[in-house]
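Residue numbers (the numbering used here), protein chains in the order written: chain A, -1 to 325; chain B, 14 to 316.
There's no promise every hint is true.
Computed list of lysine-lysine pairs in DSBU-like fashion (alpha-carbon distance at most 35 Å, straight line) [stated by the list, open to error]:
(1) A/Lys164 - A/Lys195
(2) B/Lys280 - A/Lys13
(3) A/Lys13 - B/Lys292
(4) B/Lys280 - A/Lys16
(5) B/Lys160 - B/Lys21
(6) A/Lys16 - B/Lys112
(7) A/Lys16 - B/Lys292
(8) A/Lys57 - B/Lys280
(9) B/Lys290 - A/Lys16
(10) A/Lys307 - B/Lys292
(11) B/Lys105 - A/Lys307
(12) A/Lys180 - B/Lys292
(13) A/Lys180 - B/Lys288
(14) B/Lys290 - A/Lys56
(15) A/Lys36 - A/Lys188
(16) A/Lys242 - A/Lys231
(17) A/Lys322 - A/Lys307
(18) B/Lys21 - B/Lys297
(19) A/Lys307 - B/Lys112
(20) A/Lys224 - A/Lys322
(21) B/Lys300 - B/Lys105
(22) B/Lys250 - B/Lys72
(23) A/Lys13 - A/Lys188
Since the hints were made in silico from the structure, they are not lab data.
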Amino acid sequence: MLNKDSHFIKDIFAKEIKEEATRVGYGKGLLEAGEKNKNIVALCADLTESTSTHLFAKKFPHRFVQVGITEQSMASVASGMAAMGKVPFFSSYAMFSPGRNWEQIRTTICYNDVNAKIIGSHSGVSVGPDGATHQALEDIAITRVIPNMTVIVPSDSEAARKATIKAAEHNGPVYIRLAREKTPLITTEKTPFEIGKAYPVWVTEKPDVTIFSCGDILFNVLRVAKTLTEKNKKVTVVNVPTIKPLDTKTIIEHAKNSQKIVTVEEHQRSGGLGSAISEVLSESCPKQILRLGVDDSFGESGTPTELFKHHGIDYDGILASVEKYIK
Amino acid sequence: MISLTDRKIADLELKANDIRVSIIESLAAAGSGHTAGSLGMADVFTVLYFAVMNHDPKKPNKEDRDRLILSNGHIAPVLYSTMAHAGYFPVKELLTLRKFGSRLQGHPHRTSLPGLETSSGPLGSGLSQAVGMTIAEEMDAGEISNKFFYCLLGDGELNEGQNWEAIMLAGKKRLHNLIAVVDRNNIQIDGNTEDIMPLEPLREKFLAFNWHVIEMDGHNMRGLYQAFLDAQSVAEKPIVIIAHTIPSKGVLSFQRDYRWHGAPPGKGPEDRVKKDKQKEVALKELKEVRGEIEEKIKNLNKE
Ligand SMILES: Cc1ncc(C[n+]2csc(CCOP(=O)(O)OP(=O)(O)O)c2C)c(N)n1
Ligand SMILES: [Mg+2]
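Isolated chain B, as found in the complex (with noise of 0.2 Å):
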């Protein structure tokens, strides 16, 4: 892979600022879901699925692609929108999210939607899943595979014991294939995880368990290619991306509180914005973030 022009990376912006504008609009219209871990990795979801991983919309199925297994399935919003705006299916079915007879499930079922590989929403079981496909990868192609096994995972999800078993057995195993992203956000329902299940310190938690650890800004695009790219360059150790992020990045006024985590624009807390007022603040705000990059690409073509 090649590094990205600033022109690349900008237009990257862009991208997940449109899939920041459908999180928004799908869970207004489904009026439940969640609404801050969706937005929070839609710079992650962006570089997978616009610059990293090896998949064709129009392939789904094909042998050879990457996998992406999401184990928080709670963010499935950012999922979904990033699948439709990658071409997996049209935009406008996200606004049947959550619905009666949807193939957009409130959270993902496999078999429900071509390019889904797993069904998830129960916290803790995707890492394991994400580990056996390695290793049955590493069974036939041996270790000289080029096909990466991408796991995304809730921080407060890690408080699951099951994710310490799989993460076992990766150290055990070796698995440089597997390269976990962990959506660092420093919130779970209840509250703040250092609050509701101290996690720190998780850097040290993986190195223990035989990891690779990268710990980094998750809204820093560059950044996030720099980092896939280093994990992929790895021997001998399954790889995790502590990605820190902002819960609800993107909307400055639902920034930073656990309290969006499981509620859609319109039903969420209501001390900075009105509930009717909600969708509309969410996306004059994120149209705010888009002028600013597209100054910045006006910079970019003077130059």
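Here chain A stands alone, though its shape is the one from the complex (with noise of 0.2 Å):
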């Protein structure tokens, strides 16, 4: 059941629920932290509206800088305010940011470690009918082996707020990784969220199957948990919004309890949330784990809901290879 701890909305299974973008939550997010923070400032290449950057220019235009399309200039122009006490915020798409600028980023900012925050928009297949071009689906994999980097995953707009916000009270590089396509917003003010930390979100007394995941994915995850706990499996869900550093302490101890473990998310399945959990646990508590999600193929043009499906990670899809996974 749902881990009251949660705080989520009153009941996430209704038919109706509002919708709202990750990327919306992050401008809303770093809007609220510009007001606190005067050394907060952001830049965008050529995609203010898309990464909803511009709420923070139109409040704030002498503390926004508009690049034009030069993502891997950005990276750096962002270390040299970093440099010089500012807190910059830098946003595109994540194919071109992280995904294009990864070296100057790596050097510039994870080296020097200076506190420069990286905002990747339009993650995963759910960028629909742009195509495999504009998906990025290794920006997991590519941010987090990076030392100094932290890398977030928020669940849904409301964790991207909060994501955002403690992000800028964080001292040092982040990854957010956000998403173009509107999502339900099942978490509320009062749902925790803390840099570094898991939390279990769907709850049982020993699970015969443990289900990580990070990402709007998240709520296809808990809907599937609903539908195996109705047909009587145990299972538990476990959120794990920050990739890096990871919460290895929650994530051994649910793995201790449970049977089996299955790992979830919209990115390649090497490299990301699945293959940071594998490495944990295949040093600390080794099991057999069923990673989810795109295998190895480049994304391509269809409706969000097309994609999911094709690569097995809607709710169906999900629902299916667990089930036969604790058969």
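Please assemble the complex out of the two chains, which come individually in their own frames, going by the hints.
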């Protein structure tokens, strides 16, 4: 059943549920953080509205830099501003930042260990009709591998708002992964969010299976947990919004208690959340793990619904894979 | 190549009009995609595919073909529409644009459709690829090669530093078989180019990198044809044609408004035409343009 401590909205399984894209939560969070701390500045590479940076840019025009379509330079410009005491948030599509400008982020931000925040919107296949070139499915892998980096994948718009505010308070490089598409708003202001913490959101005694997930796909994982519970399976779901540093304590605790482990993410099966969890458990609590995600292929054009189905990570696909695995 | 008769020019104008109609229809069917740049570049694409380039829709892989590298992949609708009208695939397939399973991916995917030379969408890497192709060609065929490499770029796209790295290399290598075309429409996503990231003086920038520069009206068929001939005759330098175009050219109600960059008919700005009328109005306005061209042809026939 749902963990009360999650403080989700009243009925997360209701037919009608308010939706908002995580990129919008970022825009709101940036505005709030900017009101509190005048050192916060924003940069954007010709995608001001798509990344919701326009809210900040309108309110604080003198603290916003339009850099044009220059993602590589933007990362290092942010590094320079951070070196002077600013707290830059720079945004583009995840494919281009941290995709295109990975080395600039590695050296001029992480190796320098400066206080700059990388905001990658339009991650995953939910980007839809734009197709593979715009669907970042590798960004968790390439960011979490860099020393000094913190990697956050918020599960809904409200979580993205909180993640942005926490990132502003955290001293050091942070990557926040966002999505284009509207998704269910399931968390509330009261829902806890700390960098570095994993949260059991659906709990049971002695689970047959524990599912770890991150990002807005969490909503469908919860629906799957509900169905499995109704079929008398014992399920735990742990939301892991911080991929790095990983909450190893919570993860090992839940893995130890559980017969089987599953990970679900809108990312390549290799390199993302599933890999991060496998790395930890292979050292501390070896278990067989079913990793669901995009299986070593590029995305393509289509509606988000078609693409989730195609890659077996829609509600039906996740349910079928988990049922088969725990049979 | 020979100079074109007035009738041939008018036929090209009709072709560009067909292509614009297909752009509107495919984008409206897709429900997403990029209108302004696609309509704006229809004349350049028409001249390249129907008068200038050595290519064969029936043999898309023929070895001696000229290469067209679309760097600003978001204007894929004009590439697809031109290719369909040139005979690469059925025109009705254009209605599958951006749909699941379609060969017409939202941004071009090389291995999905015969006739595509590369994949693009992420801005800034097309010119480097074109430079690489041209260098490889000159390694094998030498200076006498008669194969041309046409690389199409957006003006906003020129913000990307990688372009300037490629421009430097092309200048150094004196790649006279390389002909870049910049869609100088003065818009990008967030606004007008000179507000977002000023490019001027653009001609002087290319000149400083040792390029031959041709600057012109990107909607004048005869002028475009002549510009490509001129470009082919240049020795010892890469060539850039800075083609001044009007965003959304051909559909008066959408013209010169940067907000049409990434909106399809039906989802564009509403101050001039309501969303539910946008497709209809676009097709009507294109029909009026067609009428004018047909009138011109009638008069030519009388002469
Ligand atoms: C590397 C990269 N950064 C950002 C984008 C998003 N984007 C797509 S088109 C565009 C504007 C391009 O302007 P321009 O080349 O002038 O094209 P036009 O709007 O005139 O069609 C941007 C920023 C992208 N596709 N690739
Ligand atoms: Mg432009």
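Checklist entry - Is B/Lys300 within 35 Å of B/Lys105, Cα to Cα? => result holds, 19 Å
Checklist entry - Is the straight-line distance between the alpha-carbon of A/Lys164 and that of A/Lys195 35 Å or less? => result Answer holds: A/Lys164 to A/Lys195 is near 12 Å, not above 35 Å.
Checklist entry - For the pair supplied as a hint, B/Lys280 and A/Lys16, is the alpha-carbon distance within the 35 Å limit? => result holds, 23 Å
Checklist entry - Would the pair B/Lys105 and A/Lys307 pass a check requiring their Cα atoms to be no farther apart than 35 Å? => result Holds: B/Lys105 and A/Lys307 sit about 27 Å apart, inside 35 Å.
Checklist entry - Within a Cα-Cα threshold of 35 Å, do A/Lys13 and A/Lys188 meet the stated pairing? => result Answer holds: A/Lys13 to A/Lys188 is near 23 Å, not above 35 Å.
Next on the checklist: Given the hinted pair A/Lys180 and B/Lys288, is their Cα-Cα distance within 35 Å?
Outcome noted: Roughly 21 Å between the alpha carbons, so the hint for A/Lys180 and B/Lys288 holds.
Item to check | Proposed proximity, B/Lys72 with B/Lys250 (alpha carbon, max 35 Å) | outcome: holds, 30 Å
Next on the checklist: Run the distance test for B/Lys160 versus B/Lys21: straight-line Cα separation, threshold 35 Å.
Outcome noted: holds, 24 Å
Next on the checklist: Next pair to validate is B/Lys21 with B/Lys297; report whether the Cα-Cα distance is within 35 Å.
Outcome noted: Within the cut-off at roughly 24 Å; holds.
Checklist entry - Under the criterion that the straight-line Cα-Cα distance not exceed 35 Å, is the pair A/Lys307, B/Lys292 satisfied? => result holds, 31 Å
Checklist entry - Do the alpha carbons of B/Lys290 and A/Lys16 lie within 35 Å of each other, as the hint requires? => result holds, 30 Å
Checklist entry - Under the criterion that the straight-line Cα-Cα distance not exceed 35 Å, is the pair A/Lys322, A/Lys307 satisfied? => result With Cα atoms ~17 Å apart, A/Lys322 and A/Lys307 stay inside 35 Å; holds.
Hint check: no violations occur; every hint is consistent with the structure.
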